[in-house]
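Colleague: Chain by chain, the residues run as shown.
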Amino acid sequence: MNKARVDAKQGGGWLGAYVLAYLIFLYLPILLIPLFSFNNSIQAAFPLQGFTLEWYGTLYGNSALSGALATSLVIGAIAATGATLCGVTVSYMDLYGRSPLAATISAIARLPILIPGVIVGISLLILVNLAGVGPSRIAIVLGHVLVALPTTVVVMRSRFAAIPKTIREAALDLGASDWTTFRRVMLPLSLPAIISAFMLAFLTSFDEFIVAFFLAGTEPTLPLYIWSQLRFPKSLPTVMALGTAILAVSFLIAALAEMLRHRGLAATRRSAPANLSKPEETERGELQWHST
Amino acid sequence: MSTIAATQPLPEPRSSPGFRFAMLLPGGLVTFLLILFALGLVFFLAFRGNDGSLLGTGFTFANFVTVATDPLYWTVTLRSLGIAGLVTLATVVTAYPVAYYLAFHAGRWRGLLLFLLTLPFWTSYLLRVFAWKIVLAYNGVLNSALIESGIWSEPTLAFLNTPAAVIVTLAHAYAPFAILPIYVALDTIPKSLLEAASDLGAKPFTSFRRIVLPNSMPGVLAAALVVFVPTVGDYVTPALVGGPASTMIGTLIQAEFGKANDWPFGAALAVAVMLVILAVVLVVRFADRRYGSRT
Numbered sequence: 005m006n007k008a009r010v011d012a013k014q015g016g017g018w019l020g021a022y023v024l025a026y027l028i029f030l031y032l033p034i035l036l037i038p039l040f041s042f043n044n045s046i047q048a049a050f051p052l053q054g055f056t057l058e059w060y061g062t063l064y065g066n067s068a069l070s071g072a073l074a075t076s077l078v079i080g081a082i083a084a085t086g087a088t089l090c091g092v093t094v095s096y097m098d099l100y101g102r103s104p105l106a107a108t109i110s111a112i113a114r115l116p117i118l119i120p121g122v123i124v125g126i127s128l129l130i131l132v133n134l135a136g137v138g139p140s141r142i143a144i145v146l147g148h149v150l151v152a153l154p155t156t157v158v159v160m161r162s163r164f165a166a167i168p169k170t171i172r173e174a175a176l177d178l179g180a181s182d183w184t185t186f187r188r189v190m191l192p193l194s195l196p197a198i199i200s201a202f203m204l205a206f207l208t209s210f211d212e213f214i215v216a217f218f219l220a221g222t223e224p225t226l227p228l229y230i231w232s233q234l235r236f237p238k239s240l241p242t243v244m245a246l247g248t249a250i251l252a253v254s255f256l257i258a259a260l261a262e263m264l265r266h267r268g269l270a271a272t273r274r275s276a277p278a279n280l281s282k283p284e285e286t287e288r289g290e291l292q293w294h295s296t
Numbered sequence: 009m010s011t012i013a014a015t016q017p018l019p020e021p022r023s024s025p026g027f028r029f030a031m032l033l034p035g036g037l038v039t040f041l042l043i044l045f046a047l048g049l050v051f052f053l054a055f056r057g058n059d060g061s062l063l064g065t066g067f068t069f070a071n072f073v074t075v076a077t078d079p080l081y082w083t084v085t086l087r088s089l090g091i092a093g094l095v096t097l098a099t100v101v102t103a104y105p106v107a108y109y110l111a112f113h114a115g116r117w118r119g120l121l122l123f124l125l126t127l128p129f130w131t132s133y134l135l136r137v138f139a140w141k142i143v144l145a146y147n148g149v150l151n152s153a154l155i156e157s158g159i160w161s162e163p164t165l166a167f168l169n170t171p172a173a174v175i176v177t178l179a180h181a182y183a184p185f186a187i188l189p190i191y192v193a194l195d196t197i198p199k200s201l202l203e204a205a206s207d208l209g210a211k212p213f214t215s216f217r218r219i220v221l222p223n224s225m226p227g228v229l230a231a232a233l234v235v236f237v238p239t240v241g242d243y244v245t246p247a248l249v250g251g252p253a254s255t256m257i258g259t260l261i262q263a264e265f266g267k268a269n270d271w272p273f274g275a276a277l278a279v280a281v282m283l284v285i286l287a288v289v290l291v292v293r294f295a296d297r298r299y300g301s302r303t
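Protein sequences, first through last, are from chains A and B.
Going by my numbering, the first residue of the first sequence is number 5, and it counts up by one from there.
Going by my numbering, the first residue of the second sequence is number 9, and it counts up by one from there.
Since the hints were derived computationally from the structure, they do not count as laboratory data.
You may find that some hints are simply not true.
What the hints assert, rightly or not - Distance windows between CB atoms, simulated:
no.: 1; chain 1: A; residue 1: 221; chain 2: B; residue 2: 67; range: 38 to 44 angstroms
no.: 2; chain 1: B; residue 1: 267; chain 2: A; residue 2: 25; range: 52 to 58 angstroms
no.: 3; chain 1: B; residue 1: 201; chain 2: A; residue 2: 21; range: 54 to 60 angstroms
no.: 4; chain 1: A; residue 1: 187; chain 2: B; residue 2: 115; range: 37 to 43 angstroms
no.: 5; chain 1: A; residue 1: 260; chain 2: B; residue 2: 30; range: 26 to 32 angstroms
no.: 6; chain 1: A; residue 1: 221; chain 2: B; residue 2: 30; range: 29 to 35 angstroms
no.: 7; chain 1: B; residue 1: 90; chain 2: A; residue 2: 57; range: 40 to 46 angstroms
no.: 8; chain 1: A; residue 1: 27; chain 2: B; residue 2: 80; range: 50 to 56 angstroms
no.: 9; chain 1: B; residue 1: 80; chain 2: A; residue 2: 62; range: 55 to 61 angstroms
no.: 10; chain 1: B; residue 1: 268; chain 2: A; residue 2: 232; range: 53 to 59 angstroms
What the hints assert, rightly or not - Here are some, though not all, of the chain B residues that point toward chain A, as calculated from beta-carbon distances under 10 angstroms:
no.: 11; residue: 35
no.: 12; residue: 45
no.: 13; residue: 85
no.: 14; residue: 86
no.: 15; residue: 89
no.: 16; residue: 112
no.: 17; residue: 125
no.: 18; residue: 131
no.: 19; residue: 136
no.: 20; residue: 159
no.: 21; residue: 239
no.: 22; residue: 282
These numbers were taken from a predicted model, which means no experiment stands behind them.
Just so you know, even glycine gets a beta-carbon here, dropped at the ideal spot from N, CA and C.
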């Protein structure tokens with residue numbers, strides 16, 4: 005018994021070192037972008053040439069860049085709103101609608117994870133051309149709603165499932181209509197998850213390149229702008245300064261969204277530890293994309 | 009009598025049609041129009057001839073005949089499958105020990121570790137690929153670091169523009185996808201099973217091989233699927249770090265809808281990719297059933 009415990013401990017030690025190495029592998033290439041964005045050389049190479057903020061200076065007054073940023077922000081906000089609206093309604097009806105149609109919609113809504121981005125891109129390209137819209141901001145918004153949809157559905161579904169059934173039943177028993185129950189009871193209870201889903205959907209859209217590449221008209225998004233700059237070796241440092249700013253914002257939003265999600269789940273768990281059903285959640289509320 | 013009434017709630021009154029309609033509308037529109045109808049369009053276009061118009065002309069199998077008979081498409085498809093397969097293998101095998109540590113050893117660090125491991129998932133895919141371009145370039149980070157430290161005397165071209173570069177970059181980009189499904193599967197294994205095994209005299213490795221590994225297979229298969237699907241159709245990574253020797257099927261589809269401007273043929277390639285993915289999904293489903301999915 006004692007020996008087994010020692011073995012486990014030692015195994016844990018080796019594994020711990022491995023996990024540390026894995027984290028370094030995960031983060032090191034990403035962290036090179038901020039490192040070289042401060043390097044006073046046009047090339048990303050060692051030895052470092054000295055500290056400079058010059059490349060961040062080139063970001064100011066760049067009208068193509070600020071235009072792309074504005075496009076990305078607008079598209080991100082609209083697409084995240086659409087994806088969150090769909091995520092909330094689809095998962096609510098999936099759990100409480102008790103109809104095959106609602107379950108089918110929920111299953112299809114999570115399908116885009118099993119379709120490569122290139123195919124999502126071309127299918128929507130055909131669709132928007134057929135509709136007469138053509139490649140445009142609207143087309144990118146539609147594409148990003150699709151790409152973000154599995155995330156919002158999974159986040160909202162696990163959130164609704166974690167709200168004790170009795171709360172909704174009590175509201176209905178006391179005579180509240182479906183609308184009132186949804187709007188005054190279920191939505192306020194899931195507000196942290198809704199904000200979290202919105203933020204994650206916004207991030208997905210803001211960073212998305214593969215689908216936007218097919219659907220962009222004359223106004224590029226920020227990732228498309230970066231792509232167009234990658235051809236010019238001279239603009240490499242500017243791309244790294246821009247990339248650093250994007251990474252910083254992404255980390256911040258993702259961290260906030262995760263905190264909101266966990267706080268919301270922890271609060272429900274405290275209030276109702278007894279009858280919790282959470283089909284898509286682990287103990288800590290990690291997302292599971294697949295119910296295999 | 010009253011206890012029965014209390015424990016058996018009345019059947020819920022069916023919700024109002026207006027409410028149901030409004031709640032099903034947004035999701036219904038998106039799923040049926042943007043997903044099913046749009047995919048149907050790709051399928052339809054794949055059977056049309058290219059005359060430069062949006063929906064092509066006539067009904068033809070010619071696109072599929074070309075895909076099936078031209079050795080170029082066989083080469084590229086097999087290469088895509090090979091690269092995506094190796095990436096999937098690499099991500100799943102390297103992620104497994106991490107997920108194992110999270111499930112059984114992480115203790116109070118678990119929350120922080122999970123957070124750190126999922127954070128890159130939400131950062132720009134393009135930037136993660138771009139990072140590898142500056143690492144592997146001729147006058148890039150790896151070459152200059154090796155020369156600076158005196159290991160090599162001159163830079164090598166051997167890093168960038170190789171299939172190996174594509175595999176490493178994709179494996180890095182999709183690493184966060186693989187950990188969560190495996191971790192979830194490991195975390196839901198009842199601890200009593202492991203205690204029973206150890207009480208009955210199983211050595212740690214035996215209980216890993218006979219209990220932990222088989223029980224975590226559904227998670228491993230789910231992880232393999234979420235890594236394989238996006239990588240098999242990828243065109244960004246081959247374009248940035250792959251060079252001409254690592255053209256993938258996604259690159260060809262993108263070219264048909266861009267420079268080559270033969271949409272029906274591009275649609276046929278896309279249908280072929282979806283069939284390949286469907287086959288993989290079916291194999292995974294079958295394997296999952298054999299392992300007796302617990303979810």
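Colleague: Take the C-beta atom of residue 201 of chain B and the C-beta atom of residue 21 of chain A, compute their distance, and say whether it sits inside 54 to 60 angstroms.
Modeller: violated (27 angstroms)
Colleague: Just tell me: holds or violated, for the beta carbon distance of residue 90 of chain B and residue 57 of chain A against 40 to 46 angstroms?
Modeller: holds (45 angstroms)
Colleague: Does the Cβ distance between residue 80 of chain B and residue 62 of chain A fall inside 55 to 61 angstroms?
Modeller: Taking Cβ atoms as reference, residue 80 of chain B and residue 62 of chain A lie about 42 angstroms apart, which means the hint is violated.
Colleague: Next item in the hint list is residue 86 of chain B. Is there a CB on chain A closer than 10 angstroms to its CB?
Modeller: Violated: closest Cβ of chain A sits about 17 angstroms from residue 86 of chain B, beyond 10 angstroms.
Colleague: Is the shortest C-beta separation between residue 112 of chain B and chain A less than 10 angstroms?
Modeller: holds (8 angstroms)
Colleague: Using Cβ atoms only, decide whether residue 282 of chain B comes closer than 10 angstroms to chain A, and label the hint accordingly.
Modeller: This hint holds: residue 282 of chain B lies near chain A, its Cβ roughly 7 angstroms from the closest one there, short of 10 angstroms.
Colleague: If you take the shortest Cβ to Cβ gap from residue 136 of chain B to chain A, is it below 10 angstroms?
Modeller: Holds: closest Cβ of chain A sits about 6 angstroms from residue 136 of chain B, inside 10 angstroms.
Colleague: Should the interface hint for residue 35 of chain B be scored as holding, given a Cβ-Cβ cut-off of 10 angstroms against chain A?
Modeller: With a closest approach of 4 angstroms, the residue 35 of chain B hint holds.
Colleague: Take a look at whether the Cβ-Cβ distance between residue 221 of chain A and residue 67 of chain B falls inside 38 to 44 angstroms.
Modeller: Because 32 angstroms falls outside the window, the suggested range is violated.
Colleague: Does the CB of residue 159 of chain B sit less than 10 angstroms away from some CB of chain A?
Modeller: violated (12 angstroms)
Colleague: Using the beta carbons of residue 187 of chain A and residue 115 of chain B, state whether their distance is inside 37 to 43 angstroms or not.
Modeller: About 42 angstroms separates the Cβ atoms of residue 187 of chain A and residue 115 of chain B, which means 37 to 43 angstroms holds.
Colleague: So, as I understand it, the hint says residue 125 of chain B touches chain A; can you test that by seeing if any CB pair is closer than 10 angstroms?
Modeller: holds (7 angstroms)
This entry does not satisfy hints 1, 2, 3, 8, 9, 10, 13, 14, 15 and 20, going by the numbered hints stated previously.
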